[in-house]
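Asker: Below, each chain spelled out in residue letters.
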Amino acid sequence: MVSSGSGMFSPERTKQAELEGLIAPPLVRGRDDFAYLTETVCGVAEAKRPPKAWYVIFGCGLLLLGTLLTMIVHLVVTGVGVWGNNQPVAWAWPIVNFVFWVGIGHAGTLISAILFLFRQGWRTAINRFAEAMTIFAVICAGMFPAIHVGRIWVVYWLFPIPNQMNMWPNFRSPLLWDVFAVSTYFSVSLLFWYMGMVPDLATLRDRAVTKMRRFWYGLFSLGWTGSNRQWHRYERTYLILAALATPLVLSVHSVVSFDFAVAQLPGWHTTIFPPYFVAGAIFSGFAMVLSLAIPARALFGFKDIITERHVELMCKIIMATGMMVGYAYAMEFFMAWYSGNRYEGFTFVNRASGPYWWAYWIMVSCNVISPQIFWWKKARSNMILVFIVSIFVNIGMWFERFVITVTSLNRDFLPSSWGYFSPTIVDILTFAGSFGLFLTFFMLFCRYLPQVAIAEIKNVTPHAHGGAH
Amino acid sequence: MSRTESKTWGVMAEFESVDGILHAAAEVRKAGFTRWDCYTPVPVHGLDEVMGVRPTRLPWIILIMGAVGIGAAQLMQHWMNGVDYPFNISGKPLISWPSAIPVTFEMMVLFAAFTAFFAMWIANDLPRWFHPLHHKPRFARATNDRFFVAIEARDPQFDEQRTADFLRGLHSGSVETVEMPAGSKKMPTGLARALVVMSCAALIPPAMIYNARHEPSGDPPINLVPDMDDQAKFRPQGETPVFADGRMSRPSVEGSIARGELREDTAYWTGMQGEIFIAKVPSSVKVTPELIDRGEQRYGIYCAPCHDHTGSGNGTVHQAAVLLAELGKATWTQPTSLHDERVRGLPDGDIYNTIRVGKTTMPGYGSQIPAADRWAIVLYVRALQASRQQ
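So the protein sequences, as listed, match chains D and V.
Residue numbers for the first sequence, in the working numbering: 1 to 469.
Residue numbers for the second sequence, in the working numbering: 1 to 390.
Treat the hints with caution; some may be incorrect.
Using C-beta positions, here's what the derived DEER-type ranges look like [said to hold, decoys possible]:
(1) V:P216 with D:M335: 33 to 39 Å
(2) V:S17 with D:R214: 25 to 31 Å
(3) D:L444 with V:Q161: 49 to 55 Å
Quick caveat, the hints were computed from the structure, so don't treat them as lab data.
Note that the Cβ used here is the ideal one computed from N, Cα and C, for glycine as well.
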């Protein structure tokens, strides 16, 4: 996991061996002693003022958040008619946005849990970051179905809560499975994120110089002392939570795909959906992590912690999952032809060449073609290029959900009921506003919480291991 | 504000590296101390073995609660959708576990994860308001870059001076005595009071719900957003400028029959006007020779086997039944002769009703003979009676 080469060779020879790919470069570059790492990460939360760019992004976030709240009030007061949803496309942007955000929310727990179980030491630099992204993305995701129900004041009917009608929800509906999957995912991710953060909050508490910081970090660090007996139970529990969260990640997007796959509609009713959705979720989640991490490492001085090697590894995962979704796109067409089902065949021809051909080809170019550039190491090490591709992937994945939802619905079995969906301005502003919700939360996280798992990153340096020198 | 004299909580020693703490921990354990611990900024691998920390039992608790989650999810779904409010979905069995799998899985994870999280903190004796070590400024580095060993005063071997000397002998950077600041272990009174008040207040809503569910009430239901109560729509007896007659209710289109209006002509369908049988066939039946012919044909099929073609009550069924009755194999009552004085005096409605629902031993023929044919038979019976009279 950690390069032990530094003790064996001179620095020049180590560097040479790294370049030739003989040994992995260290996970932390430059100074890697504990005090320096603590200082680097905590320094951000303790700085008197954040960088200027933080104010700009936070301001944009607040502006968009205000837009979102305005749109929601407008929606609740007026009704869902303010959106473009109508027959035959009754599921439109709200569901597209829901799947888009919940997909992004998958990388966090994937990085935290699955890479943890696989002992991928490089996860420690980005896991906190990605987990925070997960929490905020799932909040954005959960908002869309909630406001989509129309009569939002009875949204509690989604849950099995005793009510005056003496009725219970229908447990045979994938939509209800979704309620359970997403709310479980949110709460377990929150526990996982918070639990991982407690030792770091204790670090912030112990460094606090102001009364406010001492109180708030003290409250949320729960009196953590770092006792070895505490660490023992903590590590055991963290491992179990990771083991629980791993199948949970896979189940959540599978259940989201059931919303479509259990329906009878051609274009939705396919068994490839669960793995296809999960691959897409990981794909979009990693893209979002890169879109956030590349500016953040420059902005907050984490270049030695989130190194080029981390970015490169993530690029490789993006390329791999991008090809998985590319395979799924191809396989859907193959099945449409091979099944001999004329309706299915029509749906897919209509997808690629019908009224929404442009959406389909945006999706294919962004998701399948653009990550292919990561075959070249030069491209993977060029931060600006990586950032641009990650944005492309985010766009492409939004269009993937748009293509699945809208093109399947707009021309179904009865040609007399065909229609063309166009979003209203409220649709567009609500979606833009959801980025405001996300950015506001994320910027507050960047400012006040440890963005990197301090205790874990220390653990991948040679100083955490006895007899290393 | 009387502060009692501060007691000693224990002694702590600082080390600079992982090697230092591993060595110190091994020595402390060898010396036979039991109430002690190491405090490190990262989980130090190998320290558990050196300290002799036994594996935690948390995984078993989590496993059990995961299983409870599975059971709770299955019971909840089957009870809610199969017992308390049966949901018929495409005729599938009310209680079947496959469709309950996704929710069961999620609840298993939910129960196990919440148990893991909370049980871990409880087992670690956290959250806590205060720890004596946190009052030592030097100890702040325990979450940064230093490693500490602390031996508590409640250890049977503890002696402030000797234990401190022992720790100094382990090449510790610094050894300090940790005091137990007096009175600070308790929760602030104000907070405790607030918690009590809040806990009591939290019981009020469930109590109100319980009361509401068990007490009948004449009040209308509480509807916070009564958007569905007042809708723009046509109501019976309402007024509208849309139609010339100003009525919301529209008269039915001529020739249409509304639901439930099909058999409003009770005389025709039951042979009765109120409680009394009608004397003559109803006006809606048009009496023609063809109808009487139809009646003869139907009489031949349904009535003649018992009542005979002449109406005498000596049909073939009767003749066979009399033979069986003589052999003691059946009991039999002869069918009524339609030429009886009593039958001749019956109103048409009564004969119709007898065909429809039966009388004494005669079963009803309403399900075999449609209403129009019943009236045809009534007319034919009258014709038979008339033929005997002359």
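Asker: So, for every hint listed, does it hold in this structure?
Answerer: Now the hints, each set against the structure:
no.	hint	result
1	V:P216 with D:M335: 33 to 39 Å	violated, 59 Å
2	V:S17 with D:R214: 25 to 31 Å	holds, 29 Å
3	D:L444 with V:Q161: 49 to 55 Å	holds, 51 Å
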